[in-house]
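Peer 1: All chains should be built: construct the whole structure from the sequences, respecting the hints.
Which chain is which? The protein sequence lines are A and B, in order.
For reference, each letter of the first sequence is one residue, going 4 to 225 in our numbering.
For reference, each letter of the second sequence is one residue, going 45 to 487 in our numbering.
The set of hints was computed from the structure by calculation and includes no laboratory data.
Be a bit skeptical, because a hint or two may be false.
A few chain A residues that face chain B, going by a derived Cβ cut-off under 10 angstroms, partial list only [to be verified]:
hint: 1; residue: Ile50
hint: 2; residue: Gly52
hint: 3; residue: Ile85
hint: 4; residue: Ile95
hint: 5; residue: Val106
hint: 6; residue: Asn173
hint: 7; residue: Leu176
Result set (EDC-like, lysine to aspartate or glutamate): computed pairs, CA atoms no more than 16 angstroms apart in a straight line [as the list claims (entries may be wrong)]:
hint: 8; chain 1: A; residue 1: Lys56; chain 2: B; residue 2: Glu479
hint: 9; chain 1: A; residue 1: Lys75; chain 2: B; residue 2: Glu479
hint: 10; chain 1: A; residue 1: Lys75; chain 2: B; residue 2: Asp404
Given the structure is predicted, the values throughout are model-derived calculations rather than measurements.
Cβ coordinates follow ideal geometry from the N, Cα and C atoms, glycine included.
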Amino acid sequence: MLLEIKEVSKIYGNVWALKDVTLGVGPGEWLSIMGPSGSGKTTLLNIIGCLDKPSRGSVILDGADLSSLNSKQLTEVRRDKIGLVFQQFHLIPHLTAVENIMVAQYYHSMSDKRQALGALARVGLADRADHFPSQLSGGEQQRVCVARALINYPRLILADEPTGNLDEANEELILGLFRELHAEGHTLVVVTHDPDIGRLSDRQVSLEHGFIRCVQARSGEV
Amino acid sequence: MLRGSLANEGVLLVFLRMVRRSIVKGWHKKVLAVMTVTIGTALAVAMLNVSLDIGDKVDRELKDYGANILVIPNVEAIASEIEGVGLGARGIPSYLPDGEVPKLKTIFWSNNIVAFAPFLDVQASAPSGGQVPVIGTWFRKTLVVPTGETVTTGVRDIKSWWQVDGAWPDDESGDALAIVGQAVARQLSLKPGDSLNLAFPIEGSHNHTVKVSGIVSAGGEEDKQVFVPLPWLQEAVELQGQISRLEVSALTIPKNELARKAENDPESLTPEEFEVWYCSAYVDAIAYQIEEAIPGARARPIRQIAESEGIILGRVQLLMALLALAAVVSSALGISNLMGAAALERSKEVGLLKALGAYDSSVTWLFLAEAVLIGLIGGAMGFALGLGLAMFVSENVFRTTLEVKIVTAPAAFAIAVGVTVLGLLSVARVIARLEPARILVGR
Ligand SMILES: Nc1ncnc2c1ncn2[C@@H]1O[C@H](COP(=O)(O)OP(=O)(O)OP(=O)(O)O)[C@@H](O)[C@H]1O
Ligand SMILES: [Mg+2]
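Peer 2: Below, the structure written as structure tokens:
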């Protein structure tokens, strides 16, 4: 297992955002996390992405127990092992597409413009490298985000509703990218409302009120 | 290698862009921040400068009194001997023997006597027909005192603020050299190297010629006087071994209850109190000891007013220091708030960088350039403004012209940097508290 989640709970005051979630993700697997709004999807993804700590339970990523790490060590795990794609893109508005990618390179190890340009080419944006986010469409911005998530060769790519703000055409483009990444052997955990995306993945997990309601493999059996 | 350096150039550009952005964005807040630093620095610089300057000036003023003890012949004693004549009161001069002068260094507090000079005052007629005071003194003389010690002292030490254009005469040379007050020099159009004819009102006396060795600017009565070597004048006016007065500069301690009691009525002291008083470096105790050492002399403290001025000054300085401190503290608080708010305003960017794996410290450094810029501009402007303020305060409150103290420049720099570092600390705190998870989902 690349990722093992064991009896993880997250409690905010008297809200149980997650309750005893146990889940494993193998290398190269594409897992979809589905569920209604407020069911704890983002909370779970944040915990996996070392952006948050569980109230209870343990998360083991690539052999390291995250619950024993301090916030600086969590930052390092996030930097070295995780690629993040957000629903709202989150690009730095005053940097060009390629510079946005170089920032991620810089905080990981060292910026390499050629490599950053390669990542942009990979998502089909080679000719938009010097454009600022405001000059890019939503779909293009999200592709820059995917390129940024990939740039440091993460062990795990996490995406929180990556197509939530996109029209169908752009959604198709992003999903095409995810399929490619999956085919190349990347491990993906994608939060989505969209049953079509769910069907593309190896496995779907449905959350409800912080519980795992059902797990569904691609073949269809529960 | 080449690739690496190219890559770094690229990242440098990225950083410059991020930093430039941070500086340009929300410029009105930055102007506010600069103003906060400016005002804090300005107040501190102004207070520091005025405080130091006034301190110096009062010090100099204290020295302006030359000495703090004046020793004169005890005219009253003489006057009472010749009942009814009122010798001293009529201004008929009386003298002290100059041979007694070294005895100053035999008193209990002799080590506190840092300088002294004898004076012989004579009126002479100048070539223009006017009267000019001619004063014989020691410029800087080395003498052996009764204890066997060698002491070098004179008017140069007691009037250390005198500015002499030209040269000081040598006491030992015996030449007829003079230091001429600048007012006299202007009146008689004298410059160093000129000769000056002096006629003394002595029977059978002839004219004397002295060579002007220097022109003194003292800023007081001395500018209207002529100073010559004491032995030369004594000979010229046939007053060998005589002086009119002796000025002594002694280190003293401020008066306290006991000193005031002794001043009002020395008889009222108990023997124990007297003992303590005598063995304390009060100016009166030292004067008392001088009178003991030099018979027929009267020693008077001549600096009381200045001394109390000194105490008030100390309080004013303390007050100004507190004001400066308050200014710096409030400016530090202000800058902390402003910069913290600036970091908070950019919480989305901060959160993203943290999510991408940047350490809190790395993100904080992005604000460094901004902080340094604010500090430098605020410090420089505060320094300039502070000097202006100090000049204004000097001119209008203390009625003197400010002398700029150079130490205030590094002080301004230190304050500006210190205040900005505090601002940066507050930025660091804000950054550490920002949780990327919440920011990125918009909570
Ligand atoms: N910081 C927080 N403080 C308090 N409650 C929180 C916090 N974060 C999440 N919650 C609560 O936890 C529950 C799960 O939230 P979460 O964001 O994980 O839901 P979600 O499944 O991602 O929903 P959506 O589909 O709307 O994004 C919600 O009820 C939410 O209100
Ligand atoms: Mg969510």
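Peer 1: Which of the numbered hints are not met once you compare them with the structure shown?
Peer 2: Of the numbered hints, 6, 7 do not hold.
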